[in-house]
Amino acid sequence: MSMSMVTGNSYLESLLQGQPQLPPSPLAWFNRLRASAVDRAGMLKVPTTRDEEWRFTDISPLAKLSFHPVRTVPSLQKEDIARFYVEGTSATLVFVDGIYMPELSVQSNRTADLIVTNLSAALATHAHAMEPHLGRHAAFQDNLFAALNTAFLHDGALIIAPRNTAIERPVHVLFIATQAESTSHPRCLLIAEPGSAVTVVEDYVTLQEGPYITNAVTEIAIGDNAQVSHTRLQRDSGQAFHMANSAVSLARASRYRSISVAFGARISRYDLNARLAAEGAECSVDGLALINERQLADTHTCIDHASPDGTSRQLHKCIIDGAAHGVFNGKIIVRPGAQRTDSSQSSRNLLLSARAHIDTKPQLEIFADDVKCAHGATVGQLDNEELFYLKSRGLSEVAARNLLTYAFGAEIIDRIPIASLKRRLEQTVLEQTQRN
Amino acid sequence: MSAVLQNLVNQPYKHGFVTDIESDIAPKGLNEDIIRLISTKKSEPEWLLEFRLNAYHQWLKMKEPEWPNVKYPKIDFQAISYYAAPKPKKKLSSMDEVDPELLRTFEKLGVPMNERAALAGVAVDVIFDSVSVATTYKQKLAEVGIIFCSISEAVHAHPHLVKQYLGTVVPVGDNYYAALNSAVFTDGTFCFIPKGVKCPMDLSTYFRINTEESGQFERTLIVAEEGASVSYLEGCTAPKFDTNQLHAAVVELIALDNADIKYSTVQNWYAGDENGIGGIYNFVTKRGLAKGVNSRISWTQVETGSAITWKYPSCILQGDNSVGEFYSVAVTNNYQQADTGTKMIHIGKNTRSTIVSKGISAGHSNNSYRGLVRIAPTATGARNYSQCDSMLIGDQCSANTFPYIQVRNQAAKVEHEASTSKIGEDQLFYFAQRGIGNEEAVSMIINGFCKDVFQQLPMEFAVEATKLLGFKLEGSVG
Chain A
0 MSMSMVTGNS
10 YLESLLQGQP
20 QLPPSPLAWF
30 NRLRASAVDR
40 AGMLKVPTTR
50 DEEWRFTDIS
60 PLAKLSFHPV
70 RTVPSLQKED
80 IARFYVEGTS
90 ATLVFVDGIY
100 MPELSVQSNR
110 TADLIVTNLS
120 AALATHAHAM
130 EPHLGRHAAF
140 QDNLFAALNT
150 AFLHDGALII
160 APRNTAIERP
170 VHVLFIATQA
180 ESTSHPRCLL
190 IAEPGSAVTV
200 VEDYVTLQEG
210 PYITNAVTEI
220 AIGDNAQVSH
230 TRLQRDSGQA
240 FHMANSAVSL
250 ARASRYRSIS
260 VAFGARISRY
270 DLNARLAAEG
280 AECSVDGLAL
290 INERQLADTH
300 TCIDHASPDG
310 TSRQLHKCII
320 DGAAHGVFNG
330 KIIVRPGAQR
340 TDSSQSSRNL
350 LLSARAHIDT
360 KPQLEIFADD
370 VKCAHGATVG
380 QLDNEELFYL
390 KSRGLSEVAA
400 RNLLTYAFGA
410 EIIDRIPIAS
420 LKRRLEQTVL
430 EQTQRN
Chain B
0 MSAVLQNLVN
10 QPYKHGFVTD
20 IESDIAPKGL
30 NEDIIRLIST
40 KKSEPEWLLE
50 FRLNAYHQWL
60 KMKEPEWPNV
70 KYPKIDFQAI
80 SYYAAPKPKK
90 KLSSMDEVDP
100 ELLRTFEKLG
110 VPMNERAALA
120 GVAVDVIFDS
130 VSVATTYKQK
140 LAEVGIIFCS
150 ISEAVHAHPH
160 LVKQYLGTVV
170 PVGDNYYAAL
180 NSAVFTDGTF
190 CFIPKGVKCP
200 MDLSTYFRIN
210 TEESGQFERT
220 LIVAEEGASV
230 SYLEGCTAPK
240 FDTNQLHAAV
250 VELIALDNAD
260 IKYSTVQNWY
270 AGDENGIGGI
280 YNFVTKRGLA
290 KGVNSRISWT
300 QVETGSAITW
310 KYPSCILQGD
320 NSVGEFYSVA
330 VTNNYQQADT
340 GTKMIHIGKN
350 TRSTIVSKGI
360 SAGHSNNSYR
370 GLVRIAPTAT
380 GARNYSQCDS
390 MLIGDQCSAN
400 TFPYIQVRNQ
410 AAKVEHEAST
420 SKIGEDQLFY
430 FAQRGIGNEE
440 AVSMIINGFC
450 KDVFQQLPME
460 FAVEATKLLG
470 FKLEGSVG
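As you go down the protein sequences, you meet chains A and B in turn. By numbering that gives the first Met the number 0, the letter at position 296 of the first sequence is numbered 295, and the numbering carries on one by one without gaps. By numbering that gives the first Met the number 0, the letter at position 384 of the second sequence is numbered 383, and the numbering carries on one by one without gaps.
These are computed hints drawn from the structure, not numbers from a lab. Relax, there's no trap hidden among the hints.
Cβ pair distances, simulated, as ranges: (1) Asp425(B) - Leu64(A): 53 to 61 Å; (2) Asp369(A) - Ala431(B): 16 to 24 Å; (3) Pro335(A) - Glu65(B): 21 to 29 Å; (4) Ser391(A) - Tyr429(B): 43 to 51 Å; (5) Glu414(B) - Gln426(A): 26 to 34 Å; (6) Pro158(B) - Asn383(A): 45 to 53 Å; (7) Glu65(B) - Asp57(A): 20 to 28 Å; (8) Glu414(B) - Arg354(A): 20 to 28 Å; (9) Asp425(B) - Ala138(A): 38 to 46 Å; (10) Pro73(A) - Lys73(B): 52 to 60 Å; (11) Pro25(A) - Lys60(B): 52 to 60 Å; (12) Thr71(A) - Asp394(B): 52 to 60 Å; (13) Asp425(B) - Asn163(A): 36 to 44 Å.
25 Å max Cα-Cα, derived DSS-like pairs, lysine-lysine: (14) Lys330(A) - Lys70(B); (15) Lys330(A) - Lys412(B); (16) Lys62(B) - Lys44(A); (17) Lys421(B) - Lys330(A); (18) Lys390(A) - Lys412(B); (19) Lys40(B) - Lys27(B); (20) Lys60(B) - Lys70(B); (21) Lys342(B) - Lys330(A).
Since the structure is predicted, the reported quantities are computational estimates derived from the model, not experimental observations. Don't be surprised by glycine CBs; every beta carbon is placed ideally from N, CA and C.
Throw the hints in and build the complete structure from the sequences for me.
Put into structure tokens, the structure is as follows:
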């Protein structure tokens with residue numbers, strides 16, 4: 000009997016046991032969505048390294064631990080989490096172990112028409128706006144973790160940027176993990192109506208260092224001519240498992256800018272699917288994974304050019320130290336008819352120690368002839384000549400190494416559109432690189 | 000810009016004819032008895048029969064691979080005849096005694112082997128279906144101690160060498176088709192270059208599949224001892240048939256210290272008609288082991304034929320400072336499918352590898368590059384450079400790239416680049432301005448696109464490859 004069968008089913012069963020306790024919603028479509036996800040989750044198996052999409056990411060340790068659904072959350076004061084707030088936001092939504100905390104959230108600076116609320120409250124008021132999007136972008140047919148998240152769907156963040164409005168200040172959605180051996184299923188839905196512009200920070204942090212599972216799903220629907228900037232920070236504990244799926248749909252001439260940064264988690268897996276559904280859409284997808292010790296950070300992205308005249312840019316970087324393992328799989332699909340697509344992708348990887356390793360696979364699938372597609376991948380260590388140059392100017396070996404490593408990572412951090420957050424993350428990168 | 004390229008691509012297959020020679024065909028199907036029959040027919044020693052049976056038993060336990068990016072109806076392995084040999088005739092002492100029918104075939108192919116051999120200085124070990132019928136230049140090679148013969152001959156004449164190396168690079172259970180080949184291979188080429196010998200001429204074999212419904216299972220084994228070097232050419236054409244034919248070859252190369260093996264292929268098997276009916280299934284396992292220090296293995300391939308191509312000529316760079324190279328042009332047209340690429344496994348210190356892959360897809364075809372670069376923890380100072388470019392002609396075809404890069408050593412440097420392009424209106428216009436017609440312009444652009452690879456081919460192959468590409472793509476641009 001194979002390992003995956005034993006762990007697969009009992010693990011899922013124990014997970015799904017928590018599901019029936021969720022109260023049914025008065026909305027039939029919402030109940031149907033959840034029920035079909037429960038069905039699907041019951042049919043899918045925990046992926047193993049024998050599945051192509053999980054070839055380099057062994058999540059069997061996850062199934063060995065027992066994780067209970069969160070029932071109660073500790074009472075927290077704003078002071079306890081003060082260090083996680085970002086200044087100058089138009090609204091901050093705080094979730095503790097996946098549960099919405101209105102008393103920790105900040106709504107005061109909000110622009111009048113912008114809707115920033117928790118999902119369960121919004122089901123009573125904005126169900127009509129949510130129905131065409133919730134669960135429609137993040138497909139869970141073949142994705143166990145998206146199916147589980149949808150099966151447990153009861154709360155989350157809802158952001159609706161109103162038509163033809165530019166929201167100047169960013170919206171901050173903060174997910175705080177406080178309990179060891181718990182499972183939470185954070186969910187975000189962002190709807191950018193036609194002509195709107197909005198900046199969102201999705202932020203995962205922890206108050207404890209034990210193991211837990213975060214299984215997040217984010218759906219972003221971008222209307223015609225709308226613009227979304229999406230910064231995603233994963234700062235989970237070094238023992239945590241972070242599974243995440245983001246699905247983005249781009250309408251005509253819309254723009255999507257994504258920056259994802261992963262520092263934490265024992266094993267993290269981030270799947271980002273961006274679909275350029277109508278012509279003239281533009282997206283840029285950047286990422287940085289800075290990992291050490293026995294961490295594993297896996298990023299899978301799929302940029303799907305389904306319509307003509309789309310543009311996509313991608314730069315993904317991994318800095319790998321200790322015995323850590325980086326995985327990157329970047330797929331670019333150019334569908335039949337998606338002519339004049341312009342796409343480029345680059346995967347850059349820096350190995351800092353003898354036991355660090357990387358598996359990278361930039362992948363192109365092209366079904367149209369009038370396109371410009373390029374990708375590149377590099378793996379290497381710090382350049383000796385660059386080190387020599389810095390040393391010749393009086394820097395010590397260690398300082399020179401740290402500076403170059405920092406500069407390698409800073410290229411991504413620099414692209415974050417919020418100055419205060421950028422400064423704080425630059426500090427984190429500096430600390431991480433100087434630790435050695 | 001379509002009429003011209005359309006004509007360019009859609010030329011009928013020039014080598015489609017069947018030679019009528021009585022074949023000695025084994026009953027269809029595969030079981031232990033068939034394997035014993037093959038072994039008996041070829042009067043093989045006991046160890047080889049065991050090798051075959053071992054492979055067969057492993058094959059039974061294996062599943063047909065489904066991961067390649069190709070689609071085809073399931074192969075019925077019991078509907079294939081696993082042995083076909085021309086009826087044994089009296090031993091031939093000169094070319095004049097060769098069946099005139101056979102000679103005519105070669106003439107039609109444009110390979111009058113006696114002349115070609117003399118003129119080009121190439122020794123041609125002709126494989127007709129599965130048994131060698133004539134070998135030339137053997138004498139000349141024997142003078143310097145080179146063994147160049149069919150593998151069944153080598154099994155009898157040099158059993159210790161074959162036994163020592165056969166299945167060491169591609170183990171019998173390596174993959175589904177390699178296991179099948181190991182169980183039923185009927186013939187192939189054996190080449191042994193002893194210590195310090197530089198092979199005085201390019202060695203070459205013409206393969207030809209002749210009997211309908213007889214899959215061909217070639218086995219090639221090339222060993223270069225310390226300091227030896229050899230350049231080996233493999234060229235292929237096959238007659239036109241409507242039923243799909245399976246070709247599952249295994250090629251093993253072994254290079255010891257300071258040895259150098261260059262393996263070039265031009266593959267132009269029947270690709271099926273313009274509606275995708277018929278054509279060869281080409282499922283090949285090719286692998287080279289750069290075993291010794293400073294050894295070098297270089298693969299060059301021009302893949303233009305076959306309905307489905309599924310091959311990854313690979314290098315295992317085991318010796319320190321060893322070098323692996325892969326140069327490939329893969330052209331697909333109509334409904335052809337190709338999933339091809341290479342694997343570079345770096346094990347030794349300071350090993351270097353270069354990958355240059357050019358894919359051209361036209362019509363409704365599907366062309367994939369799939370590559371693996373693996374740097375083992377031991378491969379300190381390893382270096383890889385990969386470049387894979389695709390060109391699409393028409394909006395019904397596809398080009399895919401699946402490069403796997405796995406690095407386990409921080410002191411390694413790996414670079415990978417890929418790009419996609421098309422033949423632009425502006426480029427054709429530029430040529431037209433200078434009085435060069437579309438057809439010629441396309442051929443020049445494509446030759447320019449493939450230049451990096453063609454440069455690696457031996458002279459006569461480079462000429463053939465350029466022509467081949469010309470008529471493969473006739474009519475698809477315009």
